[in-house]
Amino acid sequence: MEHELFSRGPSPAVRLTFFILLSLLLLVSDAHYSYLKTLRAGIATVIYPLQRIAMMPVELLGAMGDYTRTQSSLVKDNAFLQRQNLENRAALLRYRALQQENDHMRQLFGAQAHVNAPSVMAEILYDERDPFSRKVVVDKGLQAHVIEGSAVIDNAGVIGQVLQVYPFSSEISLITDKDHPTPVQVLRNGLRAIVFGFGSSNLLDLKYMSLNTDIRPGDLLVTSGLDGTFPAGLPVATVVTVDRNPVYAFSRITCKPVAGVDRYRQVLILAPESPLPQPNLATKPELPPAKGKK
Amino acid sequence: MEIAPKEEILLPAKPGFIALSLFSAFLLNLLPLGSFIEWIRPDFVAMLLLYWCIHQPHRVGIGTSWIFGILVDVADGTLFGEHALAYSLMAFVALVLRRRVSMLSLDHQFTHVTLILLIMQAVIVLTGFVAKDIFVGWAYFLGSLTAGLLWPGLTYLLKLPQRPKPDPDRI
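Chains A and B, in that order, are what the protein sequence lines are. Here my numbering is used: the first sequence runs in plain steps of one and ends on residue 306. Here my numbering is used: the second sequence runs in plain steps of one and ends on residue 268.
Quick caveat, the hints were computed from the structure, so don't treat them as lab data. Any given hint could be a false lead.
To be verified - Listed below are the simulated DSS-like cross-link pairs for lysine-lysine, each with C-alpha atoms no more than 25 angstroms apart in a straight line:
{"hint": "1", "chain 1": "A", "residue 1": "K49", "chain 2": "A", "residue 2": "K152"}
{"hint": "2", "chain 1": "B", "residue 1": "K256", "chain 2": "B", "residue 2": "K111"}
{"hint": "3", "chain 1": "B", "residue 1": "K262", "chain 2": "B", "residue 2": "K111"}
{"hint": "4", "chain 1": "B", "residue 1": "K229", "chain 2": "A", "residue 2": "K219"}
{"hint": "5", "chain 1": "B", "residue 1": "K229", "chain 2": "A", "residue 2": "K268"}
{"hint": "6", "chain 1": "A", "residue 1": "K268", "chain 2": "A", "residue 2": "K190"}
{"hint": "7", "chain 1": "B", "residue 1": "K229", "chain 2": "A", "residue 2": "K49"}
{"hint": "8", "chain 1": "B", "residue 1": "K229", "chain 2": "A", "residue 2": "K190"}
{"hint": "9", "chain 1": "A", "residue 1": "K49", "chain 2": "A", "residue 2": "K190"}
{"hint": "10", "chain 1": "A", "residue 1": "K219", "chain 2": "A", "residue 2": "K268"}
Unchecked claim - Here are the in silico distance ranges between beta carbons for each label pair:
{"hint": "11", "chain 1": "B", "residue 1": "L242", "chain 2": "A", "residue 2": "G21", "range": "34 to 42 angstroms"}
{"hint": "12", "chain 1": "A", "residue 1": "L36", "chain 2": "B", "residue 2": "L130", "range": "48 to 56 angstroms"}
{"hint": "13", "chain 1": "B", "residue 1": "K111", "chain 2": "A", "residue 2": "N167", "range": "47 to 55 angstroms"}
{"hint": "14", "chain 1": "B", "residue 1": "F232", "chain 2": "A", "residue 2": "E135", "range": "30 to 38 angstroms"}
{"hint": "15", "chain 1": "A", "residue 1": "E135", "chain 2": "B", "residue 2": "F120", "range": "20 to 28 angstroms"}
{"hint": "16", "chain 1": "B", "residue 1": "P112", "chain 2": "A", "residue 2": "S131", "range": "43 to 51 angstroms"}
{"hint": "17", "chain 1": "A", "residue 1": "V259", "chain 2": "B", "residue 2": "L242", "range": "37 to 45 angstroms"}
{"hint": "18", "chain 1": "B", "residue 1": "G113", "chain 2": "A", "residue 2": "G54", "range": "40 to 48 angstroms"}
{"hint": "19", "chain 1": "B", "residue 1": "F120", "chain 2": "A", "residue 2": "G54", "range": "16 to 24 angstroms"}
{"hint": "20", "chain 1": "B", "residue 1": "K111", "chain 2": "A", "residue 2": "A156", "range": "37 to 45 angstroms"}
{"hint": "21", "chain 1": "B", "residue 1": "M200", "chain 2": "A", "residue 2": "H157", "range": "57 to 65 angstroms"}
All C-beta atoms in this analysis are idealised placements derived from N, C-alpha and C, irrespective of residue type, glycine included.
If we strip away everything but chain B, and leave its shape as in the complex, we get (with noise of 0.2 angstroms):
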């Protein structure tokens, strides 16, 4: 397992731009797309929600969770408290793996991402398995690939306004 070279210094995050981020993606998942991207668009509500509870633990957490699963249940018209449920299971998981997650190197974070990604989305197919009866097939599971793929460019992202200013006195 690699280990990240040196951990890098941050400023701290504003909760403004947290709000911020969460509402484009909120904004982004309302997007109309076509039914083929449609199939491949990752949940970015959930991709935001773990990003910050992988490094903001104590400003975004399972309650925040819960209240965007709420949004979004009522955004898809899926079963209220459907993604909410999903959503606040995925904090908890991040919560738990988070040191570890933010050790390990970008690509090896692609593999834990997706997998909890995966996780939150069997949670959504088994409630609505057990609620409707319905079985959605698997393709349904590709988003959380593509949300994988897009961790990095998200991670970069989101560091830009964290990383702080060149120190004009340095020589």
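Same shape as in the complex, but just chain A (with noise of 0.2 angstroms):
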């Protein structure tokens, strides 16, 4: 290092410990402790409107291209979506059926009724650059009542949960992130599991389950409703393949998200039906201890 003939303050080393320092403490305090979330929630609003300026290409592009769509492809669009109108339509009054008959039973029961969850309607801003984790921004935050650990769907299944909220915006963890954990049941058998994400794939994770399960490929897993986040029935994944492996303790089930986890931009936050528990109660489902990491 060279000398400088009028030294201004520190010598880079001395800068360099501290900030270093300063940014193992970052570090560990992030992954260990909440106590940065606010201060995260603040730089977070500063810059918002970068992001949004950043987002201006894109959107122009969008907007051009809605311009230039031709009469004949508008056409085509309006004689699906009427046609799929009409087939949703059909469900719905199936389903408005059966939930009323549902109500009727509950009631018999004297079970408590089932209570739509609030939603808000959000928009995917962008994937976040992080190489770590698998997460996407939201253009609805606070300012839409937006509840930290919602669940989110998009028209096909569950897509993630919200991680984080920002005054404008959200942060959502997908639930193919590593290790990202989803309550669910097998559609055809009613068999509970926990679905994890693997991280580097699109891809999920069946865990923990004994080799003697039944489970096949082409099963559905939908939400348990077990942790109070996810309502229950929600399509999550299909099993993919199942390697019954007598080496390992628990077969090794892979599953693919039936949601378009990074296709689609329109995505559907359902708040909780109840109160989330406390943080210092059990705020995931409850884990078997980790059993060697892969």
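Mind docking these for me? Both chains are given alone in their own frames, and the hints should help you get the complex.
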């Protein structure tokens, strides 16, 4: 290091040590405690306008694409949507009838009526560039009364869970994020399990299922609703492969998400049906102690 | 080793211009791109910080790099301090090597710049590996190569406002 004729403040080595220590302090506290959430939310609010500016070229391109879309494709789209609408309406009628029947039966059993959770429609702004996690940011936050921990779905199924709420946006952790747990149930036989994200690929891992479990490729997994966060019965994933290798204590089951986890832009945020338990109780579904890491 | 033929005489860089360039780089980082371009996209903020650490070490140094690292951490949703740690280390390396790098011709700067950026990315990958037990794959490092290739263009662009205007009185 050269010597400055007129030195300004502490030497680079001292400064570097100071900033390295500061970074390490932040890293440890961010990884293990949640003291820094407000600070992060504050900075996120400051850079939000910049993020909107960065989105502009994409929105402009989209608007231009809309403008130049041809009549024929619009007619085709319209016909398709009308047909779909009709089909959906039929399904909806059937659903209403079933719901009425269900409500009636619940009353008969003296059970609590199933309350429809309030929902917020949101649009995905961008994928986060963090290579270590799978998260997206949507354009609804505190101002739209988004609640931390809410389930996020698209038209096909569950895509994730609200991780952090900022004033004008919120961060969503996708179900494919590493070790993101989603409590599920096999639709065919009602078997309960927890499905985890792989992190590196767009796949899910059904853990802790013994070798003789009745599960087959093609089985649909839906949310079990046991965690109080996800309403029960939302499609999550289909089983792709089941590997029953007696060398391991559990079978290795790989699943593929039903929802377009990295495809669509419009999502629905469902508020939890019951208030979430306090953080000192189990916020996550109870996990068995982690066996050796993969 | 080739040495730049002659030292250019440049006007001092304006602090406003430095700030503007850093914020534009931050915007470029936020620009949503397709997944393919995402892989080869250089970290513009790191490039600009490196450039100013080499050319204006009194204005941009370890502290500025750390602050921009925190901003990038929030924007990218990475752990608090991950980029801040990597950027401040990069700034330090740049300050140590800056005399050497600024003496080199542009094509020799390529190797130095790419190497410094690779070290920076290695710090990020290592932090992520320690904290979350994930290795992101080698393709992550492609961004530094692109950054190295873009370096001469960046240098040319950023030096434009510092070039003295042709003297109107000269014959």
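Handout entry: Pairwise hint evaluation, K219/A against K229/B, where the allowed Cα distance is 25 angstroms at most
Key = Within the cut-off at roughly 19 angstroms; holds.
Handout entry: Distance restraint hint 47 to 55 angstroms, applied to the beta-carbon atoms of K111/B and N167/A
Key = Holds, since K111/B and N167/A (Cβ atoms, about 52 angstroms apart) stay within the stated range.
Exercise for the section: Could you grab the alpha-carbon distance between K262/B and K111/B and see if it respects the 25 angstroms cut-off? Expected result: holds (15 angstroms)
Exercise for the section: Could you see if the CB distance from G113/B to G54/A stays within 40 to 48 angstroms? Expected result: violated (25 angstroms)
Practice task
Can you let me know if the beta-carbon spacing of L242/B and G21/A is within 34 to 42 angstroms?
Solution key: Given a distance of about 35 angstroms, which is inside 34 to 42 angstroms, the answer is holds.
Practice task
Just tell me: holds or violated, for the beta carbon distance of M200/B and H157/A against 57 to 65 angstroms?
Solution key: Given range 57 to 65 angstroms: holds, Cβ gap about 59 angstroms.
Exercise for the section: For the pair supplied as a hint, K229/B and K268/A, confirm whether the alpha-carbon distance does not exceed 25 angstroms. Expected result: Cα-Cα ~23 angstroms, so holds.
Practice task
Mind checking the hinted window 37 to 45 angstroms against the Cβ distance between V259/A and L242/B?
Solution key: 41 angstroms Cβ-Cβ, so the 37 to 45 angstroms window holds.
Exercise for the section: Indicate whether the distance between the beta carbons of F232/B and E135/A respects the range 30 to 38 angstroms. Expected result: For F232/B and E135/A the Cβ distance comes to about 32 angstroms; the hint holds.
Practice task
Assess, step by step, whether the Cα of K49/A is no farther than 25 angstroms from the Cα of K190/A, and give holds or violated.
Solution key: holds (21 angstroms)
Handout entry: Satisfaction of the hinted span 48 to 56 angstroms by the C-beta atoms belonging to L36/A and L130/B
Key = For L36/A and L130/B the Cβ distance comes to about 32 angstroms; the hint is violated.
Practice task
For the pair supplied as a hint, K256/B and K111/B, confirm whether the alpha-carbon distance does not exceed 25 angstroms.
Solution key: holds (11 angstroms)
Hint compliance for this structure: hints 12 and 18 are broken, all remaining hints hold.
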